[in-house]
Amino acid sequence: MAYLWDFAPVLARSDLLIEGLKNTIEIALISIVLGVVVGLVLALLKLSSRRAFSYPATAFVEFYRNTPPIVHFFWFFYALPVVTSINLDPFVAAVLALSTQSGAFYAEVFRGGIVSIERGQWEGAKALGMSRSQLMRRVILPQALTRMFPPFVERSFELTKTTALASTLAYADLMYQAMLVNSETFRPLEVYTTIAVMYLLLLVSASALARLAEARMTAYRT
Amino acid sequence: MTYHFDFGLVLQSFPVLFRGLLVTIQLWVPSIAGGLVVGLSLALCRLSKTPVLRVPSLVYIEIFRDTPVLIQLIWFFYAFPIIIGVQLSPFVAALLGLGLNTSAYAAEIFRGGIESIARGQWEGAKALGMRPAAVLRRIILPQVFKRMLPAFTNRAIEVAKMSSLASVLSVHELMYQGRLLNSTYYRPLEILTTVAFIYFVLIYPGSYLSARLERRLAGKD
Chain S
1 MAYLWDFAPV
11 LARSDLLIEG
21 LKNTIEIALI
31 SIVLGVVVGL
41 VLALLKLSSR
51 RAFSYPATAF
61 VEFYRNTPPI
71 VHFFWFFYAL
81 PVVTSINLDP
91 FVAAVLALST
101 QSGAFYAEVF
111 RGGIVSIERG
121 QWEGAKALGM
131 SRSQLMRRVI
141 LPQALTRMFP
151 PFVERSFELT
161 KTTALASTLA
171 YADLMYQAML
181 VNSETFRPLE
191 VYTTIAVMYL
201 LLLVSASALA
211 RLAEARMTAY
221 RT
Chain A
223 MTYHFDFGLV
233 LQSFPVLFRG
243 LLVTIQLWVP
253 SIAGGLVVGL
263 SLALCRLSKT
273 PVLRVPSLVY
283 IEIFRDTPVL
293 IQLIWFFYAF
303 PIIIGVQLSP
313 FVAALLGLGL
323 NTSAYAAEIF
333 RGGIESIARG
343 QWEGAKALGM
353 RPAAVLRRII
363 LPQVFKRMLP
373 AFTNRAIEVA
383 KMSSLASVLS
393 VHELMYQGRL
403 LNSTYYRPLE
413 ILTTVAFIYF
423 VLIYPGSYLS
433 ARLERRLAGK
443 D
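In the order they appear, the protein sequences are chains S and A.
Sequential numbering from 1 applies to the first sequence in my numbering.
Sequential numbering from 223 applies to the second sequence in my numbering.
Just so you know, these hints were derived from the structure itself, not from any lab.
Check each hint, because a few of them may be wrong.
Capping the alpha-carbon separation at 25 Å, the derived lysine to aspartate or glutamate pairs in DMTMM-like fashion look like this [to be verified]:
1) Lys46/S x Glu284/A
2) Lys46/S x Glu62/S
3) Lys22/S x Glu284/A
4) Lys383/A x Glu108/S
Please put together the full structure from these sequences, using the hints given.
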């Protein structure tokens, strides 16, 4: 095949793609923050010894972990307005879908980190006369946080990749902008390859940052 | 709330959704099977000492793991045909995207598994006069499969969820049928909730099994 690659038309519309990249980063960051909040609440509910708290939280987490994200996006955008009679714009619907979905996964990350701390640590802290909140704050959480970090980063990367689904609700993220540029330039090969590289660079640089942060967090071990 | 939930419509749309479910399974099973086969060869290349094998497989794995699946599917449908000069059907493009994506993740699972087997086993098998291929087949892989079964099950769950993205290429799978019904009846609450429920029923047994397996394997060590 003698296909001539021509990136010039794509470069001419690079302003659209840059804007899309900004929107992708924006929606990812907002959803990570909200997802962490949702995840913390769910993790605490799941760890509760009262079934009235732990069962609904488990059901919520299991539901979100076992259904595809695109269904959540469509559900929040099309079905929720029917129940609540509030119309959501694509951005809000996408943020809701992303943060509840990743919240379910973050909950498992937080819970896993907390329960991974050995029994002896809990008992030792109790024997020293610490209250439950002191024990959590001074003994368990500092250790659990460094253990949670790698799976937390992994989940956040998954979330960032899932933001591409917001394009199906016509939110102007990188994916959606690429579709626009494609319909203007008729250069699908160049457009979609370009944005694939943009996502790749975004995630690879984020992962380098994450490794740096992890090295600092675990520096006390060496 | 005084919304009237129309159960009749749910029942009525079941045959259409069921047809979608069959297509979902047709996407799901071959993607996993193909992904495992390609993934194993990728993992062996990735572990190879020869840079000619190691570097390309590393690049391949990272490209598929660090870009959204949606882009991969769209790329295989709209961009890839330009390179090969043959138009792919949406189904084939989706299968290619899902299968290759799975292969990249499966490769990392295989690699983790192979690396977790103690070096002494390789040396012992070699000392018994086995060729590397025989060591891999008879000693290493059976242990890798057992140890990594939860990870493979989790991957299978992810693939089932990812297959819903094929609806964007208008492959007539479950999510597509749901979107179609939604635009016909304007009953998003009933239809989309039913679609979510069907996915849950399809996927939950796998994730339950993987959680139990994980606990059992953790207990053994």
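Hints, one by one, checked against the model:
For a cut-off of 25 Å, the pair hint linking Lys46/S to Glu284/A is broken: about 34 Å separates their Cα positions. As the CA atoms of Lys46/S and Glu62/S are separated by approximately 12 Å, the hinted pair is consistent with the 25 Å bound. For the hint linking Lys22/S to Glu284/A, the alpha-carbon distance of about 23 Å falls within 25 Å, and the restraint holds. Note on Lys383/A and Glu108/S: the hinted pairing holds, with a Cα-Cα distance of about 19 Å set against a maximum of 25 Å.
In terms of the numbered hints stated before, the structure departs from hint 1 and from no other.
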